[in-house]
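Produce the complete structure using the sequences and hints provided.
One-letter residues, chain by chain:
Number of protein chains: 2
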Amino acid sequence: MLIREDEIRPTFGGHEKFVFRNGWLKKGIDAVRVDRLIFTRDEALVTLGVGKNMVRSIRHWCLATGIVQETEGTGLAKPLAASMLGERLLLENGWDPYLEDMGSLWLIHWQLISNPVRAFVWPVIFSAYFDAEFSKKQLIVLISKQIEQLSIRTTEGTIEREIDCVLRTYVPAGGVRGQANEESMDCPLAELDLIQAIPEENLYRFNIGSKPSLPTAVFGYALFIFLLKRLQTRRTIAIEEVLYQNGSPGQAFKLDENSFVDYLEQLEYQTSGALRINETAGLRQIYLTDDLAVSMENRAYRLLDDYYGRD
Amino acid sequence: MLIREDEIRPTFGGHEKFVFRNGWLKKGIDAVRVDRLIFTRDEALVTLGVGKNMVRSIRHWCLATGIVQETEGTGLAKPLAASMLGERLLLENGWDPYLEDMGSLWLIHWQLISNPVRAFVWPVIFSAYFDAEFSKKQLIVLISKQIEQLSIRTTEGTIEREIDCVLRTYVPAGGVRGQANEESMDCPLAELDLIQAIPEENLYRFNIGSKPSLPTAVFGYALFIFLLKRLQTRRTIAIEEVLYQNGSPGQAFKLDENSFVDYLEQLEYQTSGALRINETAGLRQIYLTDDLAVSMENRAYRLLDDYYGRD
Numbered sequence: 002m003l004i005r006e007d008e009i010r011p012t013f014g015g016h017e018k019f020v021f022r023n024g025w026l027k028k029g030i031d032a033v034r035v036d037r038l039i040f041t042r043d044e045a046l047v048t049l050g051v052g053k054n055m056v057r058s059i060r061h062w063c064l065a066t067g068i069v070q071e072t073e074g075t076g077l078a079k080p081l082a083a084s085m086l087g088e089r090l091l092l093e094n095g096w097d098p099y100l101e102d103m104g105s106l107w108l109i110h111w112q113l114i115s116n117p118v119r120a121f122v123w124p125v126i127f128s129a130y131f132d133a134e135f136s137k138k139q140l141i142v143l144i145s146k147q148i149e150q151l152s153i154r155t156t157e158g159t160i161e162r163e164i165d166c167v168l169r170t171y172v173p174a175g176g177v178r179g180q181a182n183e184e185s186m187d188c189p190l191a192e193l194d195l196i197q198a199i200p201e202e203n204l205y206r207f208n209i210g211s212k213p214s215l216p217t218a219v220f221g222y223a224l225f226i227f228l229l230k231r232l233q234t235r236r237t238i239a240i241e242e243v244l245y246q247n248g249s250p251g252q253a254f255k256l257d258e259n260s261f262v263d264y265l266e267q268l269e270y271q272t273s274g275a276l277r278i279n280e281t282a283g284l285r286q287i288y289l290t291d292d293l294a295v296s297m298e299n300r301a302y303r304l305l306d307d308y309y310g311r312d
Numbered sequence: 002m003l004i005r006e007d008e009i010r011p012t013f014g015g016h017e018k019f020v021f022r023n024g025w026l027k028k029g030i031d032a033v034r035v036d037r038l039i040f041t042r043d044e045a046l047v048t049l050g051v052g053k054n055m056v057r058s059i060r061h062w063c064l065a066t067g068i069v070q071e072t073e074g075t076g077l078a079k080p081l082a083a084s085m086l087g088e089r090l091l092l093e094n095g096w097d098p099y100l101e102d103m104g105s106l107w108l109i110h111w112q113l114i115s116n117p118v119r120a121f122v123w124p125v126i127f128s129a130y131f132d133a134e135f136s137k138k139q140l141i142v143l144i145s146k147q148i149e150q151l152s153i154r155t156t157e158g159t160i161e162r163e164i165d166c167v168l169r170t171y172v173p174a175g176g177v178r179g180q181a182n183e184e185s186m187d188c189p190l191a192e193l194d195l196i197q198a199i200p201e202e203n204l205y206r207f208n209i210g211s212k213p214s215l216p217t218a219v220f221g222y223a224l225f226i227f228l229l230k231r232l233q234t235r236r237t238i239a240i241e242e243v244l245y246q247n248g249s250p251g252q253a254f255k256l257d258e259n260s261f262v263d264y265l266e267q268l269e270y271q272t273s274g275a276l277r278i279n280e281t282a283g284l285r286q287i288y289l290t291d292d293l294a295v296s297m298e299n300r301a302y303r304l305l306d307d308y309y310g311r312d
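From first to last, the protein sequence lines stand for chains A and B.
Under our numbering, the first residue of the first sequence carries the number 2, and numbering increases by one thereafter.
Under our numbering, the first residue of the second sequence carries the number 2, and numbering increases by one thereafter.
By construction, these hints were calculated from the structure, which means they are not laboratory data.
Glycine residues also receive a C-beta, built at the ideal position from the N, C-alpha and C atoms.
Watch out, some of these pointers could steer you wrong.
Said to hold, decoys possible - Below are the EDC-like pairs computed for lysine to aspartate or glutamate, each with C-alpha atoms no more than 16 Å apart in a straight line:
no., chain 1, residue 1, chain 2, residue 2
1, B, K28, B, D97
2, B, K230, A, E73
3, B, K79, A, E71
4, A, K79, B, E134
To be verified - What the simulated footprint calls covered on chain B by chain A, stretch by stretch (three residues with Cβ under 8 Å from a Cβ of chain A suffice, anywhere in the stretch; the number is not a length):
no., region
5, 81-91
6, 95-106
7, 223-234
Encoded structure:
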């Protein structure tokens, strides 16, 4: 019953060309908690108060961000259910149901980077360019190659729509950063200011460097979830892997080496040394205690629990 | 991402030799709703108030009856979540949270018959003998053959433990039927009186025939779920298939042909003819309208909704 990672087939176009808007994830998870098959019903238009394509888009974004999941069912449509993270974050008494905390936006961004099935282009785009600047044309070539390797048939139009969706997620429509708000059609993730448009040169630029709005807890959550898949048997991992690999926290959050190590040091302090930076013969490694290694997922959630319960 | 039915690998021994007891399913689903990873934690012993093996057994029975499901997770243990059926049946304001209605026991029984992964021997045993009597030895031969066909390695001891578990589920320990109650160690399903022991001859006997305690709604739910997997394109099915096939409602509930047709006639009435019995040239078939065919799962749940809301 195990699904091997190499069997994962990405899906495209689920967003229906919409980026997700303020309130969509909450709307989606609340509706699913009342009716697990809401997205297959005509009533969804009324319940969610949007048109047919937006209903499909809300479903997509709830699944792509992993705040809801497909469950087993007997019918043609799989019933959805809130995920563990979705429940903790978005229920009325949850961590931050209205995503008012910048930490939550970073968390949602990390969720997309970690979903190669429904947000296939995300980790690819975010991990491919160690240089800051890139063009849309470069992205199209990059994604086309990746898709070719997976022997998936698709069209250039499909690829372009995926890329447009990523760009519109992070770049405000007006091009003015820090302006995404409740009334706008922009994705709340535009507030993260991760990608800037340089329209005069037809280029985009990643904002690489320290991220004052990224809480150590969210960095730590992402790091632990990343390590969970890699440190089943090992206890050490080179810092370079976690900083530069495809889908790594370093690439997801576009950190430079200094700010990355800063976070690791804060985490070393917050975990009372259960995670340590270790330097041997010029090779810097992250070292985990056995205790942390066997409870990494719990610790990941506990970091967020502490963060949101901080006041 | 589709799991084909032929890829399903049965699991054995999850019950830890315990049949499920009164209150276990409710206990399990309630605990999972508070903490999706409860079964992986040491606290489970305290939360559930039972020993370590029983904790594992409760987890098994919750999964085998499909009242909870595994969800996607990042760690080694998959988080569990209440299923759609589990929520509707067992929540405080659910249909019958304490399984006080015989209909609920029939429903739980049907769930086991429908779970070839975690209750593999159930549909096999219940569908193999059209004669009423069988011995434990016969069951061992039967199951061994089935397992051989799947190229699964196991031991005769494992097979015997599975069969013992099935027999103890339906045959009260004292051998006296209709005596399963809250204080006893028997499985509540013993009340269904589906299997009787004939100790003097070392045999068991299926109770084949009409089942006055089986509500039409539960029969109908089972029938619709069974048809859902078979009538994706067709609109008719021979009554024999639904009566005699492996895992069919006829075999699950050990009905004879007359009582089976009685249920179909009641269902024809209750669905205002959306399901009809049709006889052409001596071949009796079940016929579904398009309208029923496309909404079969909803209709299945609605039957139960109406049944439990009847008073």
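Evaluation of the provided hints:
Only pairs whose Cα atoms come within 16 Å are accepted, and B/K28 paired with B/D97 is accepted, the gap being roughly 14 Å. Note on B/K230 and A/E73: the hinted pairing holds, with a Cα-Cα distance of about 14 Å set against a maximum of 16 Å. For the hint linking B/K79 to A/E71, the alpha-carbon distance of about 14 Å falls within 16 Å, and the restraint holds. For the hint pairing A/K79 with B/E134, the CA-to-CA distance comes to about 40 Å; that exceeds 16 Å, so the pair is violated.
Under the rule that three or more residues need a Cβ within less than 8 Å of chain A, the assignment of the region 81-91 of chain B holds, with 4 such residues. Interface restraint, the region 95-106 of chain B with chain A: violated (0 residues with C-beta to C-beta distance below 8 Å; minimum three). For the region 223-234 of chain B, the stated coverage by chain A holds: 4 residues have a C-beta nearer than 8 Å to a C-beta of that chain, and at least 3 were required.
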